[in-house]
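I would like the entire structure built from these sequences, with the hints used as guidance.
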Amino acid sequence: MKNLARTLDSLDFLKLDRRTFMKAVGALGATAFLGTYKTDIVNALELAETKLVWLHGSECTGCSESLLNGGNPDIAQALTKLKVNLAFHETICAQQGIWNDGKLVNTSELNSEILLEDLYKEGNYILVVEGSIPNGPQGSGKYLMIGNKTFKESLGEAAKNAAAIVAVGACACWGGITNAASDVEKDTDYRGVAYKKTDASKGMLKELGIDKPVINIPGCPAHPDWILLTLGAVILGKIKIPDDLGDVLDEYGRPKVFFPPDHTVHENCPRRGYYDRGEFDEQVGDQHCLWKLGCKAPYAHADCGIRRWNGSVSMCTQAGGPCINCVDPGFPDSSRPLYVEAEDEGIAGTNIDTVAKVAVGAAAVAAGVHAVRRMKGE
Amino acid sequence: MVNVTVDPLTRIEGHQRISTEVDANGVITDAQSSSLIFRGFERILQKQDPRDAALLVQRICGVCPISHSLTATNALDDLYGVAEHVPKDALVMRNIFQGLNTVASHATHIYVLWGPDLANPAYRDVLTTLEDTGNAVWKEMVGRFAPISYKMDGTAIPAGTSYMAAIPEKKRLQEAIALIAGRMPGPVTPYPGGYTYKATVGDIVKLSSYYLQVMDFVSKYTLQVPFNTWIENTYKASSPDKAVKFVVEHLQGLVDKSLASNDFSREAGWGDAEFYAAFGSELVGETLLGLPASLKHDKIGGYSDPSKICFISYGGYYNVEDDGYDPKSPEGSRFITSGVVTGKLEYQKFDSDKITESVSHAFYDDSKGDLHPSKGETIPFTDPDKIVYTEGSKSRYTWDKAPRYDGIPGEVGPLARMLAMKEPLVTGLAQAFNAKGYSAANVYTRMMARIQETAIVANQLLQWVTVDYDPNGKISVPIDLNASKNSEGMGLWEAPRGALGHWVSGGSDGKVANYQAVVPSTWNMSPRDSKGIPGPLEQSLIGSKINPVGDVDYTNPVSIFHMGRSYDPCISCAVHTIDLTGKNSPNTLRIV
Numbered sequence: 005m006k007n008l009a010r011t012l013d014s015l016d017f018l019k020l021d022r023r024t025f026m027k028a029v030g031a032l033g034a035t036a037f038l039g040t041y042k043t044d045i046v047n048a049l050e051l052a053e054t055k056l057v058w059l060h061g062s063e064c065t066g067c068s069e070s071l072l073n074g075g076n077p078d079i080a081q082a083l084t085k086l087k088v089n090l091a092f093h094e095t096i097c098a099q100q101g102i103w104n105d106g107k108l109v110n111t112s113e114l115n116s117e118i119l120l121e122d123l124y125k126e127g128n129y130i131l132v133v134e135g136s137i138p139n140g141p142q143g144s145g146k147y148l149m150i151g152n153k154t155f156k157e158s159l160g161e162a163a164k165n166a167a168a169i170v171a172v173g174a175c176a177c178w179g180g181i182t183n184a185a186s187d188v189e190k191d192t193d194y195r196g197v198a199y200k201k202t203d204a205s206k207g208m209l210k211e212l213g214i215d216k217p218v219i220n221i222p223g224c225p226a227h228p229d230w231i232l233l234t235l236g237a238v239i240l241g242k243i244k245i246p247d248d249l250g251d252v253l254d255e256y257g258r259p260k261v262f263f264p265p266d267h268t269v270h271e272n273c274p275r276r277g278y279y280d281r282g283e284f285d286e287q288v289g290d291q292h293c294l295w296k297l298g299c300k301a302p303y304a305h306a307d308c309g310i311r312r313w314n315g316s317v318s319m320c321t322q323a324g325g326p327c328i329n330c331v332d333p334g335f336p337d338s339s340r341p342l343y344v345e346a347e348d349e350g351i352a353g354t355n356i357d358t359v360a361k362v363a364v365g366a367a368a369v370a371a372g373v374h375a376v377r378r379m380k381g382e
Numbered sequence: 266m267v268n269v270t271v272d273p274l275t276r277i278e279g280h281q282r283i284s285t286e287v288d289a290n291g292v293i294t295d296a297q298s299s300s301l302i303f304r305g306f307e308r309i310l311q312k313q314d315p316r317d318a319a320l321l322v323q324r325i326c327g328v329c330p331i332s333h334s335l336t337a338t339n340a341l342d343d344l345y346g347v348a349e350h351v352p353k354d355a356l357v358m359r360n361i362f363q364g365l366n367t368v369a370s371h372a373t374h375i376y377v378l379w380g381p382d383l384a385n386p387a388y389r390d391v392l393t394t395l396e397d398t399g400n401a402v403w404k405e406m407v408g409r410f411a412p413i414s415y416k417m418d419g420t421a422i423p424a425g426t427s428y429m430a431a432i433p434e435k436k437r438l439q440e441a442i443a444l445i446a447g448r449m450p451g452p453v454t455p456y457p458g459g460y461t462y463k464a465t466v467g468d469i470v471k472l473s474s475y476y477l478q479v480m481d482f483v484s485k486y487t488l489q490v491p492f493n494t495w496i497e498n499t500y501k502a503s504s505p506d507k508a509v510k511f512v513v514e515h516l517q518g519l520v521d522k523s524l525a526s527n528d529f530s531r532e533a534g535w536g537d538a539e540f541y542a543a544f545g546s547e548l549v550g551e552t553l554l555g556l557p558a559s560l561k562h563d564k565i566g567g568y569s570d571p572s573k574i575c576f577i578s579y580g581g582y583y584n585v586e587d588d589g590y591d592p593k594s595p596e597g598s599r600f601i602t603s604g605v606v607t608g609k610l611e612y613q614k615f616d617s618d619k620i621t622e623s624v625s626h627a628f629y630d631d632s633k634g635d636l637h638p639s640k641g642e643t644i645p646f647t648d649p650d651k652i653v654y655t656e657g658s659k660s661r662y663t664w665d666k667a668p669r670y671d672g673i674p675g676e677v678g679p680l681a682r683m684l685a686m687k688e689p690l691v692t693g694l695a696q697a698f699n700a701k702g703y704s705a706a707n708v709y710t711r712m713m714a715r716i717q718e719t720a721i722v723a724n725q726l727l728q729w730v731t732v733d734y735d736p737n738g739k740i741s742v743p744i745d746l747n748a749s750k751n752s753e754g755m756g757l758w759e760a761p762r763g764a765l766g767h768w769v770s771g772g773s774d775g776k777v778a779n780y781q782a783v784v785p786s787t788w789n790m791s792p793r794d795s796k797g798i799p800g801p802l803e804q805s806l807i808g809s810k811i812n813p814v815g816d817v818d819y820t821n822p823v824s825i826f827h828m829g830r831s832y833d834p835c836i837s838c839a840v841h842t843i844d845l846t847g848k849n850s851p852n853t854l855r856i857v
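First to last, the protein sequences are chains A and B. The numbering used here runs 4 ahead of the 1-based position in the first sequence. The numbering used here runs 265 ahead of the 1-based position in the second sequence.
Among the hints, erroneous ones may be present.
[To be verified] Derived pair list, reagent style BS3-like, types lysine-lysine, alpha-carbon separation capped at 25 Å:
1) B:K416 / A:K55
2) B:K312 / A:K190
3) A:K107 / B:K659
[Unchecked claim] Over the 10 Å line for every Cβ pair with chain A, so calculated as not near, a few chain B residues:
4) Q311
5) K404
6) M417
Source of the hints: derived by calculation from the structure; they are not laboratory data. Don't be surprised by glycine CBs; every beta carbon is placed ideally from N, CA and C.
Following this line, the structure appears as structure tokens:
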């Protein structure tokens, strides 16, 4: 591992093929990342600090929670090491909007709206967006107002002056839960930063006439390693924007190292052995394969099986919950019904690439064979 | 008269605006609380598999996903008719799951969301006029509670010691949750009839180890008196008077020592809880302990008319002597009991039929008047010109509905729960404030109740983990998927920020016909109702000074920050709009 780490020191990790990456950094998370990039970090300390502006749209704060919960070192230490100035984050910042008779008062030290105005003016920050953006009603964006402005307008200002843009979580990427099929979808018209579900022509930036690349870190919530490692790569210049993006991102703007097109959660599921032996749970609370309880891991392009969650202590399937494929642009609709086998319901409306379909098909056949053998007592 | 508006109120979950009219003495004469977002992801459960609810409703809120998923699971237990049979060990697992979340959520609120306001320069300006003692107290406040990326007068202020130490503890607690729930946020384990994960003996050992590490933080930062001594003499005190007496005597010992030396550090015995308990209140700090100054948080955020407010608990955490539980949460059937306490501190039984909701001041049509949540309907404005927040108290100014209990606004959360369960310390403090002409509820008692509840739940967690849970026990009973046909279910529970209720009904096809939730922040942040009675936050703003201490400063209304945040609001929850009534026309929604 030591040699591998030294090798990685000179590599752009987002460009690694996922097998090498997962063996090295993937399994160890942000700690290893910071370790392997020691030289770069030392250099970074001599550079100017990087400003991070983190905006909250229509969200549940789950991705910020995830960021705070995760990572080793924790977020505060990571920010220090990477010399990041978390210039604005609505859930954490000291400031708030203060108005007297409709006018902004006090200074940027206490007033969030003055701070944001200053930051936008200065530019040269990384913009992180958590949460989706309502375009409704009637294109006004008024279903979310913050500081006497629609969030739609605020996002436009923030995006125009950003050096790089990262969408964190299913909502910011494609609308997520706010875009689940419903009879009010038309009125609310929620958008992701660069996509609406799988449609890149309906991203909010496009609606605003802003043409800038966006890195999507999906998940509901996003894994803290995915967020920190991506931000780290951008901050340390490990990926050049926009030149490298075509190579490191998939068709939905997701970094391929974390969301590999040729790899699913199923492949490294801790219950995989039961699947191969055809041993399936039909009631919750047992320990076998969750396929028959609706597990969508064979469709989920993410590295959860290797990385695991919250200090690598567990993951959904390990705890007996079926994978809900929360990294898919169609989530949650593409994963529903959650507790019913995908094959029973068909997979219409989901976005599953051919490789995964083949993998599922082949595995299902194999499992069937195993199951038959077991029944025969072979 | 100056209009002082805080928009956005940051360091909360979601997006909130507080608009006030303030007179020349700095007293708030009128106030509106506005929730600024309409998500409308309701109806996503309609005509779908009811079991999806426990996993999808938690996306209402990433801060308290556990409470939403468990409340939904309670409603589903009831819907499928298995509530009486859920195995005892599944109930214990659910209690541990919620208990860890409550402790993590409260710790985050106290240290990361609420605490930074104690480092507001307004306190410096007042305290530093008090020479050595004032300087020493200010040094502690900014040294412990300053947030990251903080500046005063152009100088960067290092993040506070308690603030920085709390972040890894929160992470540790979330890791403990993930150990038994897959991941956090986004846990996957609650399921009707039980729980999907059976913790092993190894998990129990790990949970105990997490527990001990968190208690190390508590004894190093939060409480300098030994934790067990605190629990024995407050939570387990034989009367409210005795609990208050213990705390005051303990603090008096510290004050006597420190006033001479001007040393208010942790080393001198001042844990964060002790520090706030003494300096947070005028009555406790100045009148009882003889301190030269206090933050006067007992004089802000109170209710001036006790007939227009009550405190509500739906009941949280199952009793775990046996299998099964009563979904109606009758008094005494939960570890934290259900109950209603009036503004005059009288006790009543909780009756969910007494809840009504009004939308007369929200951006919805209200042609049918005030209705019980199960009967209500809500039609959001789709004309952008009608969504205006600046037209005053008589207008419509929020996306939040106004729930009322028997026609009265209700405060929910730790203070309401501690009063409902007659917790000696909080009850004693409330009675003491009442007797001396203060409002029983105020910013100080609200925060003390949150601190005390954290201690009580932490204490109980050890019992659930090491005594009540049997790793060889049963973790689930099967459910009959046909049982949801034409059935109904009610889930009553307590989220960290207050009473949470979900209601579900199944259609003739067994799919969801109707799903609704009434959540804590809707109660606390609610606007005026059809009778014009302001919601709890609005009532606590009106009559309070915008500056708890010092001169009037319209540009730094510290009291508004404290009052708004003292309820630990979650706006995503408050305006989550789940209503899945099949009866309504396609353009009809319910906001709860």
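Next on the checklist: Need the list of violated hint numbers for this structure, in ascending order.
Outcome noted: 4 and 6
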